[in-house]
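Top line first, the protein sequences correspond to chains A and B. Numbered by UniProt numbering, the letters in the first sequence go through residues 1 to 429 in order. Numbered by UniProt numbering, the letters in the second sequence go through residues 1 to 429 in order.
Everything labelled a hint here was simulated from the structure, so no lab data went into it. Source: prediction; values computed, not measured. Keep in mind that the hints are not guaranteed to be accurate.
List time: in silico BS3-like cross-link candidates among lysine-lysine, alpha-carbon distance up to 25 Å [as the list claims (entries may be wrong)]:
| # | chain 1 | residue 1 | chain 2 | residue 2 |
| --- | --- | --- | --- | --- |
| 1 | B | K411 | B | K309 |
| 2 | A | K191 | B | K149 |
| 3 | B | K321 | B | K191 |
| 4 | B | K136 | A | K191 |
| 5 | A | K149 | B | K191 |
2 protein chains.
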Amino acid sequence: MSSFIDIPADSDFPLENIPFGVISTKDNAALRPATAIGDHVVDLKAIADAGLFAGPLLKAVAVSVFSQTSLNAFMRLGRPSWREARSTLQSLLSKGTASRLRDDAAFRAAAIVHKSTVINHMPAQIGDYTDFYSSKEHAFNVGVMFRGKDNALQPNWVHLPVGYHGRASSVVVSGTPIRRPNGLIQDFATKAIHYSTCKKFDYELETAFFVGTGNNLGERIDIADTEEHIFGMVLMNDWSARDIQAFEYVPLGPFLGKNFGTTISPWIVTMDALEPFRVAQPVQDPVPASYLASGPKDAYNLQLQCDLKPHGHDTSYTISKTNLKYMYWSMKQQLAHHSVNGCNMNAGDLLGSGTISGPDDTSLGSLLEASVNGKKEVVLSADGAVKRTFIEDGDSLKITGKCEAEVDGKKIRIGFGACEGTVVPAAQL
Amino acid sequence: MSSFIDIPADSDFPLENIPFGVISTKDNAALRPATAIGDHVVDLKAIADAGLFAGPLLKAVAVSVFSQTSLNAFMRLGRPSWREARSTLQSLLSKGTASRLRDDAAFRAAAIVHKSTVINHMPAQIGDYTDFYSSKEHAFNVGVMFRGKDNALQPNWVHLPVGYHGRASSVVVSGTPIRRPNGLIQDFATKAIHYSTCKKFDYELETAFFVGTGNNLGERIDIADTEEHIFGMVLMNDWSARDIQAFEYVPLGPFLGKNFGTTISPWIVTMDALEPFRVAQPVQDPVPASYLASGPKDAYNLQLQCDLKPHGHDTSYTISKTNLKYMYWSMKQQLAHHSVNGCNMNAGDLLGSGTISGPDDTSLGSLLEASVNGKKEVVLSADGAVKRTFIEDGDSLKITGKCEAEVDGKKIRIGFGACEGTVVPAAQL
Numbered sequence: 001m002s003s004f005i006d007i008p009a010d011s012d013f014p015l016e017n018i019p020f021g022v023i024s025t026k027d028n029a030a031l032r033p034a035t036a037i038g039d040h041v042v043d044l045k046a047i048a049d050a051g052l053f054a055g056p057l058l059k060a061v062a063v064s065v066f067s068q069t070s071l072n073a074f075m076r077l078g079r080p081s082w083r084e085a086r087s088t089l090q091s092l093l094s095k096g097t098a099s100r101l102r103d104d105a106a107f108r109a110a111a112i113v114h115k116s117t118v119i120n121h122m123p124a125q126i127g128d129y130t131d132f133y134s135s136k137e138h139a140f141n142v143g144v145m146f147r148g149k150d151n152a153l154q155p156n157w158v159h160l161p162v163g164y165h166g167r168a169s170s171v172v173v174s175g176t177p178i179r180r181p182n183g184l185i186q187d188f189a190t191k192a193i194h195y196s197t198c199k200k201f202d203y204e205l206e207t208a209f210f211v212g213t214g215n216n217l218g219e220r221i222d223i224a225d226t227e228e229h230i231f232g233m234v235l236m237n238d239w240s241a242r243d244i245q246a247f248e249y250v251p252l253g254p255f256l257g258k259n260f261g262t263t264i265s266p267w268i269v270t271m272d273a274l275e276p277f278r279v280a281q282p283v284q285d286p287v288p289a290s291y292l293a294s295g296p297k298d299a300y301n302l303q304l305q306c307d308l309k310p311h312g313h314d315t316s317y318t319i320s321k322t323n324l325k326y327m328y329w330s331m332k333q334q335l336a337h338h339s340v341n342g343c344n345m346n347a348g349d350l351l352g353s354g355t356i357s358g359p360d361d362t363s364l365g366s367l368l369e370a371s372v373n374g375k376k377e378v379v380l381s382a383d384g385a386v387k388r389t390f391i392e393d394g395d396s397l398k399i400t401g402k403c404e405a406e407v408d409g410k411k412i413r414i415g416f417g418a419c420e421g422t423v424v425p426a427a428q429l
Numbered sequence: 001m002s003s004f005i006d007i008p009a010d011s012d013f014p015l016e017n018i019p020f021g022v023i024s025t026k027d028n029a030a031l032r033p034a035t036a037i038g039d040h041v042v043d044l045k046a047i048a049d050a051g052l053f054a055g056p057l058l059k060a061v062a063v064s065v066f067s068q069t070s071l072n073a074f075m076r077l078g079r080p081s082w083r084e085a086r087s088t089l090q091s092l093l094s095k096g097t098a099s100r101l102r103d104d105a106a107f108r109a110a111a112i113v114h115k116s117t118v119i120n121h122m123p124a125q126i127g128d129y130t131d132f133y134s135s136k137e138h139a140f141n142v143g144v145m146f147r148g149k150d151n152a153l154q155p156n157w158v159h160l161p162v163g164y165h166g167r168a169s170s171v172v173v174s175g176t177p178i179r180r181p182n183g184l185i186q187d188f189a190t191k192a193i194h195y196s197t198c199k200k201f202d203y204e205l206e207t208a209f210f211v212g213t214g215n216n217l218g219e220r221i222d223i224a225d226t227e228e229h230i231f232g233m234v235l236m237n238d239w240s241a242r243d244i245q246a247f248e249y250v251p252l253g254p255f256l257g258k259n260f261g262t263t264i265s266p267w268i269v270t271m272d273a274l275e276p277f278r279v280a281q282p283v284q285d286p287v288p289a290s291y292l293a294s295g296p297k298d299a300y301n302l303q304l305q306c307d308l309k310p311h312g313h314d315t316s317y318t319i320s321k322t323n324l325k326y327m328y329w330s331m332k333q334q335l336a337h338h339s340v341n342g343c344n345m346n347a348g349d350l351l352g353s354g355t356i357s358g359p360d361d362t363s364l365g366s367l368l369e370a371s372v373n374g375k376k377e378v379v380l381s382a383d384g385a386v387k388r389t390f391i392e393d394g395d396s397l398k399i400t401g402k403c404e405a406e407v408d409g410k411k412i413r414i415g416f417g418a419c420e421g422t423v424v425p426a427a428q429l
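Starting from the given sequences, assemble the full structure and let the hints guide the process.
This is the structure:
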């Protein structure tokens, strides 16, 4: 497949990707669905209004679903419709296929714009946001710090994908500034409790998936059906205030240590685009209950990276390189587990992976782990001058991700764009 | 105040109440905002369409906000508008004030219907739902069971209102059947873990409040301003699967043990209607941090009751009588705490109290407490034949609440209507 649009070789958005997002442009403030192709963005409302979604599933509904300010209505249509939209767009954007988009210069100029004129918005209205804790390496590393090596993993951890409800309102799109939070903190040495600005500001390198089609309350999504329900994936930074979290979280879990902001990348990459990169997930021992039974290739070889640009610097430093394939519990298992009790899922629900850490020191997905809760400085610059235990005001974090494989003799690279945020100083106490 | 509508003496909905909800009727399936008065219901869309919200704040917007299928748009207008709506309706429904509603029989018949023809719906679209754990008696009782008397309360409990994010999608309106969930359960004696139907199905007697106006991400709601942000209250049953919860909840808190269903009463009673029933909250020792500073009367004398109707029986038995005034942390403190880190609140967010237990055996707000986690049978019928440790399939639970006081020499009673649900058998494993 090749496109009449010029696509840089290292682009996250080749013709094989076709992610979905919501944009506005400098000259049109209306929010509308879009896809990304190379350095350009295609306005799906324009495509729909021109009648170019002509397939049997979308023909009658494309104008309606792509006139929305979020992707939720499109998500509700189901996977056959998502597939039809993707293949229609691949065809419309192909060099070798005649289409109004290729051949009508005025229409093309209206429907396809350069990314420099685009403002990305939240791709969906999130109903509920859940975050899992599905990386065994991360759970173990954190467990060792708080409970010692022998009790690092709680007894439930290998039996079910542990997760908790997060805050949907504070999930924001890449680029949104994140304010350092205030809260109640206990001094480790004196045990004194004081209202203070967070001193242990951290990131968490995660991925997340959007639910496309849901289930009714009281029913469940069988693990064999889960792939039909998962719309696609984004990168996520689950910003964390470790000192606020440490004092508040027993016994009901994380709350104010997390809900001041969670950043996601703007483009939702479909599971169909990620299909070539499926690999076997880690061996699960003990074998999980039947409702969590895995398939042979339920993990994804998605390379993940986090870069930190210190305040006052122009250079970024890579602070983590990890991979989604390390994740112990699969997205299918997360979704089957979440609904096994009859909990109803809806289009636009967001389910996070939890911090994805790998097996070594360079693949830790949080500073909590890399700095051993602040005890060890993480050196960033080669000369040792720039270092961090936690994140400082003005620092920018950027998470990126890419899948690479040879498909039919051609090297394919699917990316996500960036999940970025800069930390701004706390409000007055 | 008295109304031209005949209001039974023990009604939850006198002219002093004017709660807000969303209804449809047997002959009109359209969802629309409404208020309750005695045994009748007033269609607020009809009132708005007739131009009867003539006050300065609502005049221009009433048709728009009361043409919605939820109260969210009305909530966003702010407390002065909520007050104007309530006083306008009180005036329109008064015996002594000429109004089209009182004097135009045809209009009255269209706008006011008997409750027997009404179907109640969710009053608001809930963006995020948070549940607190603010009854000291409940936290202590549960803590004793799991950690012994000396460590019953966690160290953070007296310093901040402990809470966690719940699931918004499964909050349902009174009358919705609740299906017993399935999940992973650990056998207490053998430690074996199996996928099973919940055997410890419980209720939790709670109240909850709806946020009316919110705050921007990164800002906070000062405790001095919280009363302007709280729209009103409902009764809530936070159904709980104790065996699922017990295995899953460490370290990230309750998840599938809770998110299969949460029932609320359909009418939101405004804080203005509850104003006469304010009382001093329990003494807080230690004195909380400045951002949680209380006023002199931040608790409410709201009598709460839960009745259980066993399957196959026509009689209901009262299983709990408690009072919101026992709650250690006030709603104002909950809201100030929730936003102190910059977490953004929105119109329609629901914040639950947590189980409200009182000081003695008859005021326990859950069967977990009353049966000491299933170790003691709770006798319901006088002859001892009907008893429960947990809830059985077919059992119905009903939570009711009322405030009573003498105001200007007149006995006022403000109620909430019922928060009811019947448990239906689990789905196949």
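Quiz prompt | Straight-line alpha-carbon gap K136/B to K191/A, limit 25 Å | solution = 22 Å, holds
Quiz item: Are the Cα positions of K191/A and K149/B separated by 25 Å at most?
Solution: 22 Å, holds
Quiz item: Do the alpha carbons of K321/B and K191/B lie within 25 Å of each other, as the hint requires?
Solution: 36 Å, violated
Quiz item: Between K411/B and K309/B, is the straight-line Cα distance small enough, at 25 Å or below?
Solution: 31 Å, violated
Quiz item: Holds or violated: K149/A with K191/B, Cα cutoff 25 Å?
Solution: 22 Å, holds
Taken one by one, the earlier hints fail for this structure at numbers 1 and 3, listed in ascending order.
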